[in-house]
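Enquirer: Protein chains in written order, with numbering that gives the first Met the number 0: chain W, 0 to 214; chain L, 0 to 214.
Everything labelled a hint here was simulated from the structure, so no lab data went into it.
You can't tell identical chains apart in this list, so a pair holds if it fits in one copy or across any two.
Within a straight-line C-alpha distance of at most 20 angstroms, the following computed SDA-like cross-link-like pairs (lysine to any residue) qualify:
no., residue 1, residue 2
1, 151, 137
2, 77, 54
3, 202, 192
4, 2, 54
5, 77, 42
6, 214, 180
7, 52, 77
8, 117, 129
9, 69, 192
10, 172, 209
Protein chains: 2
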Amino acid sequence: MQKTRIILALDVLQRAKAISVVDETSQYIDAVKINWPLVLGAGSRIITEISEKSPVICDFKIADIPNTNKLIVEQAMKLGAAAVIAHGFTGTDSLKACVDASGGKVFVVTEMSHPGGKEFTSVNAERIATMAREQGAMGIVAPATRPERIAKMREIVGPLQIISPGVGAQGGKASDALGYGADFVIVGRTIYDSDRPAEAAQKIAREIEDFLIGK
Amino acid sequence: MQKTRIILALDVLQRAKAISVVDETSQYIDAVKINWPLVLGAGSRIITEISEKSPVICDFKIADIPNTNKLIVEQAMKLGAAAVIAHGFTGTDSLKACVDASGGKVFVVTEMSHPGGKEFTSVNAERIATMAREQGAMGIVAPATRPERIAKMREIVGPLQIISPGVGAQGGKASDALGYGADFVIVGRTIYDSDRPAEAAQKIAREIEDFLIGK
Numbered sequence: 000m001q002k003t004r005i006i007l008a009l010d011v012l013q014r015a016k017a018i019s020v021v022d023e024t025s026q027y028i029d030a031v032k033i034n035w036p037l038v039l040g041a042g043s044r045i046i047t048e049i050s051e052k053s054p055v056i057c058d059f060k061i062a063d064i065p066n067t068n069k070l071i072v073e074q075a076m077k078l079g080a081a082a083v084i085a086h087g088f089t090g091t092d093s094l095k096a097c098v099d100a101s102g103g104k105v106f107v108v109t110e111m112s113h114p115g116g117k118e119f120t121s122v123n124a125e126r127i128a129t130m131a132r133e134q135g136a137m138g139i140v141a142p143a144t145r146p147e148r149i150a151k152m153r154e155i156v157g158p159l160q161i162i163s164p165g166v167g168a169q170g171g172k173a174s175d176a177l178g179y180g181a182d183f184v185i186v187g188r189t190i191y192d193s194d195r196p197a198e199a200a201q202k203i204a205r206e207i208e209d210f211l212i213g214k
Numbered sequence: 000m001q002k003t004r005i006i007l008a009l010d011v012l013q014r015a016k017a018i019s020v021v022d023e024t025s026q027y028i029d030a031v032k033i034n035w036p037l038v039l040g041a042g043s044r045i046i047t048e049i050s051e052k053s054p055v056i057c058d059f060k061i062a063d064i065p066n067t068n069k070l071i072v073e074q075a076m077k078l079g080a081a082a083v084i085a086h087g088f089t090g091t092d093s094l095k096a097c098v099d100a101s102g103g104k105v106f107v108v109t110e111m112s113h114p115g116g117k118e119f120t121s122v123n124a125e126r127i128a129t130m131a132r133e134q135g136a137m138g139i140v141a142p143a144t145r146p147e148r149i150a151k152m153r154e155i156v157g158p159l160q161i162i163s164p165g166v167g168a169q170g171g172k173a174s175d176a177l178g179y180g181a182d183f184v185i186v187g188r189t190i191y192d193s194d195r196p197a198e199a200a201q202k203i204a205r206e207i208e209d210f211l212i213g214k
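Next up, chain W with everything else stripped away, as it sits in the complex (with noise of 0.2 angstroms):
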């Protein structure tokens, strides 16, 4: 990873549209991020058919008990997953299912964004942080609607990598989350909504890519 600092969050439902959004916009991002409703409409096979092309990370918000975590994760990374999103809130033994089968693949949900993440997760984010760091995740997900949270993230995640969704019609900023300490953004909208993809997702790398310079 870490060419473009761009993560492409592919919420849409078809295989066609998911594999043309895919193959025009690789070269400019370092993942594609996708979601239980592609696997729905697309079946599981698109899992492997999109690593082939990009690595895939599986937000699958994986809040189960441990041995069902584990087979989840067992079953993602078989088809080609490099990394999965787990929810830290079912507990330290469930994250720490996810993180052995995945040999540490795994970024953990701290906040979530949404008005309703105020009302359970965004009180418990940084317990939940703290448990990803012991638990050796490889990172945690934290909006980029909220940088001064992402500044506070860092502080407590140390090393782990911060991946930040809410970039672009969302309404967070690419170069506010990179500054305040994430490692990746994660844009969706903007790019696959676009009706030229590829410019949409070049247009943010060169934001970001200058950003990054000037700093």
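Put chain L on the given structure of chain W with help from the hints.
Expert: Frame of chain W, contents of chain L only:
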């Protein structure tokens, strides 16, 4: 539903095994609960295939932002799910998205019975049960291994359905779960790991029948 009060937790990975267990046991169960490992292992069409034999509850522990939750539920229902299982801790708006997309066919996880479930879920269980009722969910999930908690949950959710995992191999008793207020018990390994799944299911169905008659 409500023939034997048994929901089969079909925690297997292979299509052939899944179909054979359902074929053998469908007359002794009210519904089949499937989880992500089976979808990843056998493909999402397994939902449709099983739904032609028994109502399917997609135990997807849905825990994402509202729009993603909506898409997951829509896809699951389109594939034939009768209901889904969602988490409440991602907040009111996320749960509401599941309720709206499924026409209310949502069971909400209140607390979880594994050790890590005590860290973040147990403390919020009553608040989440209240949310389930207020948002118009069909029911909640509460562990048979802590039957006194089922009674507490019944107090909170009133007429909602309570489905209760942990019966059998995990140590919970069907009679305890039902006696303390559950509507359905969820049984997995005791049935699908049996050499004779039909007999195993029938045996539990008879125990439940005896218990309910004696009550």
